[in-house]
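Q: The lines below spell out each chain.
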Amino acid sequence: MSREPLIFEISAATKKGFALPQLDVPEKKDALAGLPVRAAMPGFPQVSEVEVVRHFTRLSQANFCIDTSFYPLGSCTMKYNPKINERIAALPDFQGSHPYAPQDLIQGNLEVLKTLEDCLTEITGMDAITLQPSAGAHGELVGMMLIRACLEDRGDPRQIVLIPDSAHGTNPSSAHTCGYRVREVKSNSNGTIDLDALSREMTGEAAALMVTNPNTLGVFEWDILKICEIVHAKGGLVYMDGANMNALVGKFRPGDMGIDVIHLNLHKTFSTPHGGGGPGSGPVGVKKHLEPFLPVPIVERGAAGYRLDFSRPKSIGRVRSFYGNFLVMLKALAYIHSLGAAGLKEVAEIAVLNSNYIRKSLEGVYHLKYASPTLHECVFSDKLQKERGILNIDIAKRLIDYGIHPPTMSFPLIVPGALMIEPTETESRRDLDQFIEAMKAIAREAVETPEVLKSAPHVAPVRRLDETAAARNPVLRWEGPKE
Amino acid sequence: MSYISLSDQDKKEMLDRIGVSSLDDLFCCIPDEIRLKRELRLPPPLTEPELVRHFETIGGKNKEHIHLSFLGAGAYRHHIPSIVDYLSSRGEFISPYTPYQPEVSQGTLQVIFEYQTLVCQLTGLEISNASLYEGASAAAEAVLMAERIKGRSRIQVAGSVHPQYREVIRTYVKNLAIQVEEVGYDDKGQVDIESLKRQIDNGTSAVVCQSPNFLGVVENLDRLSEVAHQNQALFVAVVAEAASLGLLQPPGAAGADIVAGEGQSLGLPLSFGGPYLGFMACRKEFLRQFPGRIAGETKDVEGKRGFVLTLSTREQHIRREKATSNICTNQAWCALRATIFLETLGQEGMRELAYQNFQKANYALGSLSAIKGVKRKFGGPVFNEFVLEFEGGYKKVADHLLSNGVLGGLDLGPFYPALKDCALFCVTEVHSKADIDRLAGLVEEVVR
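Going down the list, the protein sequences come from chains G and A. Residue numbers for the first sequence, in my numbering: 78 to 560. Residue numbers for the second sequence, in my numbering: 40 to 487.
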């Protein structure tokens, strides 16, 4: 397959891909006088509509995606994205709606927001939800801001946030962006939070513990009640990263167990498409004592319909423009309505079944650092293959040749050479078995023909790319025709 | 409806292989006393036909679409070429995630690379990232970035920056020992340069201005940039209406160090406020402090060109708490739509789009401000929005328009007490001359 050129390389003066109607108001040529007007845009593309269509269609064909392949990217919950949700999000009544329209004219939108809040409150067991955060990390930041505001209100915001060593990188970064220093809490040999370590670190300086549950190993924090007790006893709050909620829907409610704040990822648990890296949506749920601090505005349901409430004196303020990624919320609500309570519980059950099926089938073939039972994902490593010089990256790239998207690599940090596998509930037995067989074949190849792994992928649009060179000599835009 | 692909037989065989007798046994690692013992209380499941009817009914409670609308203020109605929907809805674009495996993500990565190039061309700056959430948080990220570069604790933000953007900046800096000071506007609706000169000093990390600003007025970016740089502060230009970049001087050419903005106008529907597209560009020398994902060009082992996410040592998954931002999932699909939009319109299309917005808005401004009792509030040049002041207040005008199926401009009273009788009107290429004349006719009826 020949590589698709950059659009700039097929551009030529006078070509057009679009036309507007003739200007129908009297043109005032002198109006531009005194206005700082730009010169031409050198290099800005000029192509025909057909060229644009072929360009993007060909580019799309260079992507792996859920619609074509098994995509077991751990911690990302790459489940099937139901197409009906796209149709609903495209309804003109929603899509054409202006965020500053008078509230009487947008009662449908407000009903969507309030209904989704209600559903997520029930699913998490929290008391209130803000839908505004734009993605998971944005939700984490908002959650940290809420904790800080609550503790400040009590008289002391404190200085430190505790984060387990197995946490996703966004956790420490979000805490830092909220003005906190981060202190790491070690995991024990089960891969869960070490209670003694937590008790030691949980001092009066610590504002909160950020805990991912099930954690990034797929292991449920069995001691969650005790963990919350330890943190609460010292006046701290517990933040749960709900990125892995797909393992728990309908089986366990964080709000019932002492969690003070949680974020969800609608683009994971609630099936909205990942879009190649967004848009997501990261609602944050809180218990009663944090509710006064939620971002503005809040949707209220009253006798005369729905209203947006902007006057909340203790609110942390606004965290983005308008009301969040509304169309993403709409897709998530459609998903919740499609499945209902029993369907959502089945999601968690089958996600956990699929993951354990893979785990059982690959045990012994790949090294599993932690023996603890796992839920929706399992983390193998390259330890057995490394003896022959084969790393997780070689295994991952070889999977591409088998038509499968590689798992998450080199994460969590407590498993060197990690291969983090999350199949999700939507995969068929056939897809799971093909993956298992591919992984076994690759393990054999690591012994018999290691060079095939080292030079993989062999059947992708490009061969292995030089990422070091890209960082050393950054070329971050098209610079014009090469001489 | 269910999206499970296992048969009952599959489930049984899989449980057998695992060595447990029921699905529930798989959850034995959750202590029994904390497991949910009841079904969630959610509405009953709906099939596809029921779901469509359900949401059409809810959507029908929105009554906005029957109106001719002149609302803008950070969310703009522009025509979206049909190929934007067509191409962006392909499963290969909408269903993958962040391109962590470049060899099977060249489509997404090349789109980001083209997007970055287009943003640089539009803004007149050297580097762009792969997108941020939306305009307001992009402005906040720019402020945090300026503080990291300058190590100074104060910023000067124009009072004519979108009120929501100012609110978000305040929320972001509240816990970080950065002080925000606001700079007023003059009677032309532009930043009051004398106030800025008084307020700025060597403790200022950045001057943040928006153009066209929230009052619709195009700023004199050259002059603002000069004042910022005289004080060794960075100049951050905010662009809330990206369509203006087809006509107006690019902020980079006026000396802006960072441009942060909202790309909704570039192929994204209004969508009740989101998802939108935060964009950000800056000068090359600030690369190490730049937030967000960045795609770069490289070669594969055969020497073929390819693209990868690069410079990730700035990012949270490597640098953890020392990262330049906590952002992970951004707005890649929205950036894809903007890329298709910009490449379809092309150089001439973008200029024509911007020019028609400018001409139509100025025609509307002329017609409306000629009405007795209606006054153009600010003398500065406008792009596609303008502020009108109504003798006797705006409310009765807005009500009269509404009762005639027209959504007038945004009442500015709640945002600026001094502008209590004023409203911000937006006119774009989607408005015909007849639409504008109808608006003017109705306004004339009520203020007469």
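Hints in this document: simulated from the structure, not taken from any laboratory. Note that the structure is predicted; figures quoted are calculated from it, not measured. A virtual CB, placed ideally from N, CA and C, is assigned to each residue, including glycine. Mixed in with the good hints, there may be bad ones.
[Said to hold, decoys possible] SDA-like cross-link-like pairs, simulated, lysine to any residue; straight-line CA separation at most 20 Å: (1) A:Lys100 with A:Asp476; (2) A:Lys100 with G:Lys422; (3) G:Lys422 with A:Asp71; (4) A:Lys227 with G:Lys422; (5) G:Lys105 with A:Lys100.
[To be verified] Now the in silico label distances, taken between C-beta atoms and shown as ranges: (6) G:Asp181 with A:Arg77: 49 to 57 Å; (7) G:Pro82 with A:Ser128: 20 to 28 Å; (8) G:Lys160 with A:Ser46: 33 to 41 Å; (9) A:Ser46 with G:Val442: 46 to 54 Å; (10) A:Pro83 with G:Gly382: 23 to 31 Å; (11) A:Glu483 with G:Glu163: 26 to 34 Å.
[As the list claims (entries may be wrong)] Computed footprint of chain A on chain G; a stretch qualifies when at least three of its residues, placed anywhere within it, have a C-beta under 8 Å from a C-beta of chain A: (12) 101-110; (13) 268-278; (14) 460-466; (15) 518-529; (16) 535-543.
Q: Taken at face value, is the distance from the CA of Lys100 (chain A) to the CA of Lys105 (chain G) at most 20 Å?
A: Judged against 20 Å, a Cα distance of about 41 Å means the pair is violated.
Q: Mind checking the hinted window 49 to 57 Å against the Cβ distance between Asp181 (chain G) and Arg77 (chain A)?
A: Violated: the Cβ-Cβ distance is about 38 Å, outside 49 to 57 Å.
Q: Indicate whether the distance between the beta carbons of Lys160 (chain G) and Ser46 (chain A) respects the range 33 to 41 Å.
A: Since the Cβ atoms of Lys160 (chain G) and Ser46 (chain A) sit about 22 Å apart, the hinted range of 33 to 41 Å is violated.
Q: Can you let me know if the beta-carbon spacing of Ser46 (chain A) and Val442 (chain G) is within 46 to 54 Å?
A: 26 Å, violated
Q: Sort out whether Asp71 (chain A) lies within 20 Å of Lys422 (chain G), counting only the CA atoms.
A: 16 Å, holds
Q: Count the residues of the segment 535-543 of chain G whose Cβ falls closer than 8 Å to any Cβ of chain A, and tell me whether that reaches three.
A: holds (count 7)
Q: Three residues minimum, CB to CB under 8 Å: does the segment 268-278 of chain G make the cut for coverage by chain A? Let me know.
A: Coverage by chain A is violated here, the residue count being 0 at a Cβ distance below 8 Å.
Q: Can the restraint linking Lys227 (chain A) and Lys422 (chain G) be considered satisfied, given a maximum Cα separation of 20 Å?
A: Since the Cα atoms of Lys227 (chain A) and Lys422 (chain G) sit roughly 60 Å apart, the hinted pair is violated (cutoff 20 Å).
Q: Can you tell me if the segment 518-529 of chain G counts as covered by chain A, using C-beta to C-beta distances under 8 Å and a minimum of three residues?
A: Answer violated; 0 residues pass the 8 Å Cβ test.
Q: With a cut-off of 8 Å between beta carbons, are at least three residues of the segment 460-466 of chain G near chain A?
A: violated (count 0)
Q: Falls inside 23 to 31 Å, the C-beta gap from Pro83 (chain A) to Gly382 (chain G)?
A: With a Cβ separation near 24 Å, Pro83 (chain A) and Gly382 (chain G) satisfy 23 to 31 Å, so the hint holds.
Q: Taken at face value, is the distance from the CA of Asp476 (chain A) to the CA of Lys100 (chain A) at most 20 Å?
A: 29 Å, violated
Hint compliance for this structure: hints 1, 2, 4, 5, 6, 8, 9, 11, 13, 14 and 15 are broken, all remaining hints hold.
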